[in-house]
Amino acid sequence: MAHGPAKGIGRWLYATNHKDIGTMYLWFSFAMFILGGAFAMIIRAELFAPGMQLIKPEFFNQMTTMHGLIMVFGAIMPAFVGLANWLIPMQIGAPDMALPRMNNLSFWILPFGFSLLAATLFMEGGAPNFGWTFYAPLSTTYAPPTVNFFIFGVHIIGASSIMGSINIIATVLNLRAPGMTLMKMPLFVWTWLITAFLLVAVMPVLAGAVTMMLMDINFGTSFFDAAGGGDPVLFQHVFWFFGHPEVYIIILPAFGVISAIIPTFSRKPLFGYSSMVYATSAIAFLSFIVWAHHMYTVGMPLAGELYFMYATMLIAVPTGVKVFNWIATMFGGAISYETPMLFSIAFVILFTIGGFTGLMLAMAPADIQYHDSYFVVAHFHYVMVAGAVFSMSAAVYYWLPKWTGKMYSEAMGKTHFWLAFIGFNVTFFPQHFLGLAGMPRRYADYALQFTEWNMVSTVGAFIYGAAQILFLYNVIRTIVAGTPAPEEKTWEGAEGLEWTLPSPPPFHSFSTPPEVK
Amino acid sequence: MSARPIRKTAIKLLFTVVLMFLFAVFVMPPLYDVFCEIAGIGGKTEGQYEESEDQIVDSERVVRVQFVATNNGAMPWEFSPTEYQVKVNPGASTAVEFYARNPTRRDMVAQAIPNVAPANAAPYFHKTECFCFNQQELKAGEEANMGLVFIVDPELPANVNTITLSYTLFDITNREGEDNQSEPLASLN
Amino acid sequence: MLSRLKQLVVYALNPLVLLSCAGMASAKEAGSDQPEGWSLLNMPVGVTESARNSYDIHMYVIWVCVAIGVVVFGVMIYSMLAHRKSLGHEPATFHESTTVELAWTIIPVFILVALAVPATTSMVERYDSSEADIDIKITGYQWKWQYEYLGEDIQFMSELSTSEPAIYGKESKTEYYLTEVNEPLVIPVGKKVRFLVTAKDVIHAWWVPDLGVKKDAIPGFINETWTRVEEPGIYRGFCAELCGKGHAFMPVVVNVVEADEYAQWLADKKAAVAAERELANKSFTLEELMAKGEEAYNRSCASCHMANGEGIPGAFPGLKASPLTLGPVADHIDMVVNGSATNAAMQAFGGQLSEVDLAAIITYERNAWGNDALGDDDKIVQPIDVLKFKQGQ
Chain A
-12 MAHGPAKGIG RWLYATNHKD IGTMYLWFSF AMFILGGAFA MIIRAELFAP GMQLIKPEFF
48 NQMTTMHGLI MVFGAIMPAF VGLANWLIPM QIGAPDMALP RMNNLSFWIL PFGFSLLAAT
108 LFMEGGAPNF GWTFYAPLST TYAPPTVNFF IFGVHIIGAS SIMGSINIIA TVLNLRAPGM
168 TLMKMPLFVW TWLITAFLLV AVMPVLAGAV TMMLMDINFG TSFFDAAGGG DPVLFQHVFW
228 FFGHPEVYII ILPAFGVISA IIPTFSRKPL FGYSSMVYAT SAIAFLSFIV WAHHMYTVGM
288 PLAGELYFMY ATMLIAVPTG VKVFNWIATM FGGAISYETP MLFSIAFVIL FTIGGFTGLM
348 LAMAPADIQY HDSYFVVAHF HYVMVAGAVF SMSAAVYYWL PKWTGKMYSE AMGKTHFWLA
408 FIGFNVTFFP QHFLGLAGMP RRYADYALQF TEWNMVSTVG AFIYGAAQIL FLYNVIRTIV
468 AGTPAPEEKT WEGAEGLEWT LPSPPPFHSF STPPEVK
Chain B
1101 MSARPIRKTA IKLLFTVVLM FLFAVFVMPP LYDVFCEIAG IGGKTEGQYE ESEDQIVDSE
1161 RVVRVQFVAT NNGAMPWEFS PTEYQVKVNP GASTAVEFYA RNPTRRDMVA QAIPNVAPAN
1221 AAPYFHKTEC FCFNQQELKA GEEANMGLVF IVDPELPANV NTITLSYTLF DITNREGEDN
1281 QSEPLASLN
Chain C
2 MLSRLKQLVV YALNPLVLLS CAGMASAKEA GSDQPEGWSL LNMPVGVTES ARNSYDIHMY
62 VIWVCVAIGV VVFGVMIYSM LAHRKSLGHE PATFHESTTV ELAWTIIPVF ILVALAVPAT
122 TSMVERYDSS EADIDIKITG YQWKWQYEYL GEDIQFMSEL STSEPAIYGK ESKTEYYLTE
182 VNEPLVIPVG KKVRFLVTAK DVIHAWWVPD LGVKKDAIPG FINETWTRVE EPGIYRGFCA
242 ELCGKGHAFM PVVVNVVEAD EYAQWLADKK AAVAAERELA NKSFTLEELM AKGEEAYNRS
302 CASCHMANGE GIPGAFPGLK ASPLTLGPVA DHIDMVVNGS ATNAAMQAFG GQLSEVDLAA
362 IITYERNAWG NDALGDDDKI VQPIDVLKFK QGQ
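Chains as they are written, first to last, in this note's numbering: chain A, -12 to 504; chain B, 1101 to 1289; chain C, 2 to 394.
FYI, nobody ran anything at the bench for these hints, they're computed from the structure.
Computed from a prediction, not measured in an experiment: that's the story for all the values here.
There may be inaccurate statements among the hints.
Stated by the list, open to error - Straight-line Cα separation of at most 25 Å, DMTMM-like style, residue types lysine to aspartate or glutamate; simulated pairs: (1) Lys43(A) to Glu181(C); (2) Lys43(A) to Glu97(C); (3) Lys389(C) to Asp1207(B); (4) Lys1187(B) to Glu153(C); (5) Lys192(C) to Glu259(C); (6) Lys171(C) to Glu397(A); (7) Lys86(C) to Glu397(A); (8) Lys389(C) to Glu1243(B); (9) Lys193(C) to Glu1183(B); (10) Lys193(C) to Asp129(C); (11) Lys391(C) to Glu1242(B); (12) Lys43(A) to Glu296(C); (13) Lys174(C) to Glu482(A); (14) Lys321(C) to Glu45(A); (15) Lys389(C) to Glu1237(B); (16) Lys43(A) to Glu172(C); (17) Lys171(A) to Glu97(C); (18) Lys401(A) to Glu482(A); (19) Lys283(C) to Glu262(C); (20) Lys1239(B) to Glu1255(B); (21) Lys271(C) to Glu1229(B); (22) Lys1187(B) to Glu296(C); (23) Lys380(C) to Glu295(C); (24) Lys270(C) to Glu1237(B); (25) Lys391(C) to Glu1137(B); (26) Lys293(C) to Asp332(C); (27) Lys171(C) to Glu482(A); (28) Lys1227(B) to Glu1137(B); (29) Lys391(C) to Glu262(C); (30) Lys193(C) to Glu262(C); (31) Lys389(C) to Glu296(C); (32) Lys391(C) to Glu1229(B); (33) Lys174(C) to Glu296(C); (34) Lys271(C) to Glu1160(B); (35) Lys1112(B) to Glu1137(B); (36) Lys321(C) to Glu153(C).
To be verified - Listing some non-contacts, in silico: residues in chain B with all C-beta distances to chain A over 10 Å: (37) Thr1109; (38) Leu1119; (39) Asp1133; (40) Val1165.
Cβ coordinates follow ideal geometry from the N, Cα and C atoms, glycine included.
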């Protein structure tokens, strides 16, 4: 079985190796991150000052929609799947993923899905313009004709995610090294296992939602059309039944990454491993029963509002446990501040702030004011960017020496961190003020009193955007001309099977299963 | 490592995926409708109500019932209640009318969708006769008075004093012939 | 290393410092005028009990979060400073403690209960269903609001009055840029006003922050909410649910007046409606119709068909040299009055605009953008033509 990679383009087209596929996922997601980021820059540039300067309102709506779709489905989710592909076999002592051919398929349909989606930008009627939440009937009766491309795109992306998660579950459940019991798995594997179950449960629901849209638009059904006995609010229920677990799908693997990095640089084992596992499971479970907290103004009965408020507030408990555990891990350690640790600490702080605003949003009477304002935009960027994207940056710096056998530039990494940290906060903290003062989200233009903080936000966005270029350069420079990484263990405090392999690791991670005590 | 357990896991998961998809498309919508009807979510009203012989009238209590009408989308009909509110005793059967006129130069078919606010009053608003049970056809320039007979259930929660019945009128002229439309309409509304 | 750490600490604290500033700033602003620009940091206290409830809950949760944040981040920052490897700190080895873990699972539950209690009370108050003094139906349109005073035979459209040149930077922006309308909703102070909210096309949401009211307007469904405003004044709000390209351009303006002023307004409004009906019989010159038509067109039609009549290819048809505006006048009137039979985006304006406005718009469309030199000879449409058409010739 000891053979190396194929040569040339065939290595990538016919790839069945988990590292090759992981690499492709990571590069693909970075490309999407740049594309979605470019859309964000267009949005922020237009919002720099009141009035329509650069683009038309209809194009603005296409930008917000595409930014959301591409960042959620194209950048963050594939990035974590890429990370899972690289790390899970190495962390559980397996030679490769359980279903390598499906792995190939699940990656290679992604570019097609996103091509379908991106191609709509050049079509008559323009790209989807109904927001990434695509509420009916704006996305059905009143949608541009390109909505069909969007639907097929979502189907393909969903199929890819489902195959990716089936592969991950099959790998984790079947290919663990002898002695690697479930409760000995690294937390990253645990969080991904739970994430994969969430994906298997809710991606088909998303597929169902867009299928119902497709039927309504083209085949005369009335799932979401009141004229035929349907209900547009049903769409919101179905969407958020997918959508709320989706946000945990995005953040749970990030929890796993942070739970690996903080112990390493604190040189102290993770505090409360089993409570971390239970908290993750609790969050996953709760995510299924809180969806209508996105719909407090839709006109629910009082009992409904109260139930969803209580259930949502409960999520604060397991989430709090996680944050406390990370801090307890750091407490009493011997902490050093390399780039991955800086990103992780920023993650803990900023994600917690996102958690606080999440708790505020859960409070139904206050949410009546927050709902669909920039406060919500600020909140979910604190958990998605400072949560998922920061943890992804941390993960890349942390494992890059392992993947490539070469060391990145620490100075450049730290510069990236500070630019990203400052840029991020300058962009999104003022958006809390904007939202509280009454600026609704998805506004192509705004009243004069919102000018100042929008300007600040735009400046921050460009700083954050520039930081990512530096990131890209640093990664390429490491691959091309990095100094060799010292030994197997790049980081003094790192624990786990992946650090027992040489850097870079062999093509098939563990040809003979390692002993796990 | 044999492939067998892996395949088993994968098949089980694929099965779950198919099941969840079917759940979303075929179970969630009807389940939601049932849930709405029981809890009055969204103010959806039930279908035709059979008035019982011994309907009790609560002559002590007076409830205001308001009527509003909305045309959906490009629907050009003139459509309005002939009186905007009536005061009724719960349990008493009341008849009102809506006026409709097709001002266009083409024959049209419409469907009125009823809805009740506050939503928690919806399960207590019974329609024994309603034009919304059928599609409405008006020839070019034709007008009609459309009837509605309703009973407010004496069980109506005590804190509800005003019920608003809203009709939204949809143009379904172009949907005619799609036979999947006509049947479920009557049963759902 | 040390300087970097200090930086980190400063930035870590920064959001919290800002957050507390926000809280204090709002306390100061409570009595004064609307804060603007840099000082616009917090939710308005508002002029209704619902708005104050939202505000109180909001401030309560903020302070609870700040308190938790100070403790949690305090411990974290202490550890980051004290337990540094560069100081030679030896790592401890503890990695679990059932007592501590139970404590930080159970204590938050108590905090949550303390938060949930006032929130529940506040929510129950919002569902108050006592009799209202006035019922107003609010209908969301792409992209304007219609207000209908039930039982008063008054209904009108409330549309953005900011001009397109101001939006596109060709004119300067005035104080109420994008928050001004041709006709605000007028309600009396101190009275319970019940709103019945629905929509004609897509979902909108009617939001006035100072009133603490936000309700989705859903086509085919009716939602109920209410307000009782305590102070007269003009309150401005927005559409809060993405509803298409004009989402940012359909503000809400509510003019809250004293009861006698409201009665006067009602009477004036009814008189104005009657006068408008009278006007339908008057004959206008081409110049008058063109002037009226341009104004009405820019308000009601230009958001789709554009001020230059060219529409948006692929989405909204142009009217410049189009078969409709150059063709038979009856088809043109039919389209404007009754809407399109095939495209739901083309609304039926017959019920939205007066005969004078309809005639002016049609005349304007048949003459503007060079259409006057082309096509059909029927260039002038009088209000009476529209009225006759509406009544079936």
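Here's how the hints hold up against the structure:
1. Taking the CA atoms of Lys43(A) and Glu181(C), the gap is near 21 Å; set against the 25 Å cutoff, the hint holds.
2. Our distance criterion of 25 Å between C-alpha atoms is broken by Lys43(A) and Glu97(C), whose separation comes to about 56 Å.
3. The straight-line distance between the Cα atoms of Lys389(C) and Asp1207(B) is roughly 19 Å, inside the 25 Å bound, and the hint therefore holds.
4. Of the pairs offered as hints, the one joining Lys1187(B) and Glu153(C) holds, with about 17 Å between alpha carbons and a cut-off of 25 Å not exceeded.
5. Of the pairs offered as hints, the one joining Lys192(C) and Glu259(C) holds, with about 10 Å between alpha carbons and a cut-off of 25 Å not exceeded.
6. This hinted pair does not check out: Lys171(C) and Glu397(A) have alpha carbons roughly 50 Å apart, beyond 25 Å.
7. For the hint linking Lys86(C) to Glu397(A), the alpha-carbon distance of about 17 Å falls within 25 Å, and the restraint holds.
8. Using a Cα cut-off of 25 Å, the hinted pair Lys389(C) and Glu1243(B) holds, with the two alpha carbons roughly 16 Å apart.
9. Taken as a hint, the Lys193(C) and Glu1183(B) pair is honoured in the structure, with Cα atoms around 23 Å apart against an allowance of 25 Å.
10. For a cut-off of 25 Å, the pair hint linking Lys193(C) to Asp129(C) stands: about 11 Å separates their Cα positions.
11. Among the hinted pairs, Lys391(C) with Glu1242(B) is consistent with the structure: their alpha-carbon atoms are about 12 Å apart, no more than 25 Å.
12. Taken as a hint, the Lys43(A) and Glu296(C) pair is honoured in the structure, with Cα atoms around 22 Å apart against an allowance of 25 Å.
13. Taken as a hint, the Lys174(C) and Glu482(A) pair is broken in the structure, with Cα atoms around 61 Å apart against an allowance of 25 Å.
14. At most 25 Å may separate the alpha-carbon atoms for a hinted pair to count; Lys321(C) and Glu45(A) meet this at roughly 21 Å.
15. Restraint check for Lys389(C) and Glu1237(B): the C-alpha separation of about 23 Å stays at or below 25 Å, so the hint holds.
16. Annotation: proposed proximity of Lys43(A) to Glu172(C) holds, straight-line Cα distance about 17 Å (limit 25 Å).
17. Proposed proximity of Lys171(A) and Glu97(C) is supported: the alpha carbons are some 15 Å apart, at most 25 Å.
18. Our distance criterion of 25 Å between C-alpha atoms is met by Lys401(A) and Glu482(A), whose separation comes to about 23 Å.
19. Of the supplied pair hints, the one linking Lys283(C) and Glu262(C) is violated, its CA atoms being roughly 31 Å apart against a limit of 25 Å.
20. Distance check on the hinted pair: Lys1239(B) and Glu1255(B) sit about 41 Å apart at the alpha-carbon level, beyond 25 Å; violated.
21. Of the supplied pair hints, the one linking Lys271(C) and Glu1229(B) is violated, its CA atoms being roughly 35 Å apart against a limit of 25 Å.
22. Between the alpha carbons of Lys1187(B) and Glu296(C) the distance comes to roughly 44 Å, so the proposed pair goes past 25 Å and is violated.
23. Between Lys380(C) and Glu295(C), the direct Cα distance comes to roughly 15 Å. Compliance with the 25 Å bound is thereby established for this hinted pair.
24. Proximity of Lys270(C) to Glu1237(B) is assessed by CA-CA distance (about 35 Å); at most 25 Å being required, the pair is judged violated.
25. Note on Lys391(C) and Glu1137(B): the hinted pairing is violated, with a Cα-Cα distance of about 40 Å set against a maximum of 25 Å.
26. A distance of roughly 21 Å separates the Cα atoms of Lys293(C) and Asp332(C); the hinted pair therefore holds under the 25 Å criterion.
27. Between Lys171(C) and Glu482(A), the direct Cα distance comes to roughly 63 Å. Violation of the 25 Å bound is thereby established for this hinted pair.
28. For the hint linking Lys1227(B) to Glu1137(B), the alpha-carbon distance of about 14 Å falls within 25 Å, and the restraint holds.
29. In summary, the hint linking Lys391(C) to Glu262(C) is not supported, as the alpha carbons are separated by about 35 Å, beyond the 25 Å threshold.
30. Between Lys193(C) and Glu262(C) the CA atoms are separated by roughly 16 Å; this keeps the pair inside 25 Å, and the hint holds.
31. Using a Cα cut-off of 25 Å, the hinted pair Lys389(C) and Glu296(C) holds, with the two alpha carbons roughly 24 Å apart.
32. Distance check on the hinted pair: Lys391(C) and Glu1229(B) sit about 31 Å apart at the alpha-carbon level, beyond 25 Å; violated.
33. A threshold of 25 Å between alpha carbons decides the hint, and for Lys174(C) with Glu296(C) the separation of about 19 Å falls inside it, so the pair holds.
34. The straight-line distance between the Cα atoms of Lys271(C) and Glu1160(B) is roughly 37 Å, outside the 25 Å bound, and the hint therefore fails.
35. Restraint check: the Cα-Cα separation between Lys1112(B) and Glu1137(B) comes to about 35 Å, which exceeds 25 Å; the hinted pair is violated.
36. With a C-alpha separation of about 40 Å, the suggested pair Lys321(C) and Glu153(C) falls outside the 25 Å cut-off, and the hint is violated.
37. The claim that Thr1109(B) is not at the interface with chain A is violated, since a C-beta of that chain comes within 10 Å of its own (minimum 4 Å).
38. Non-interface call for Leu1119(B) relative to chain A: violated, since the shortest CB-CB distance, roughly 8 Å, does not exceed 10 Å.
39. The beta carbon of Asp1133(B) is not kept farther than 10 Å from every beta carbon of chain A, the shortest such distance being approximately 8 Å.
40. With a cut of 10 Å on Cβ distances, Val1165(B) stays outside the contact zone with chain A, its closest approach being about 19 Å.
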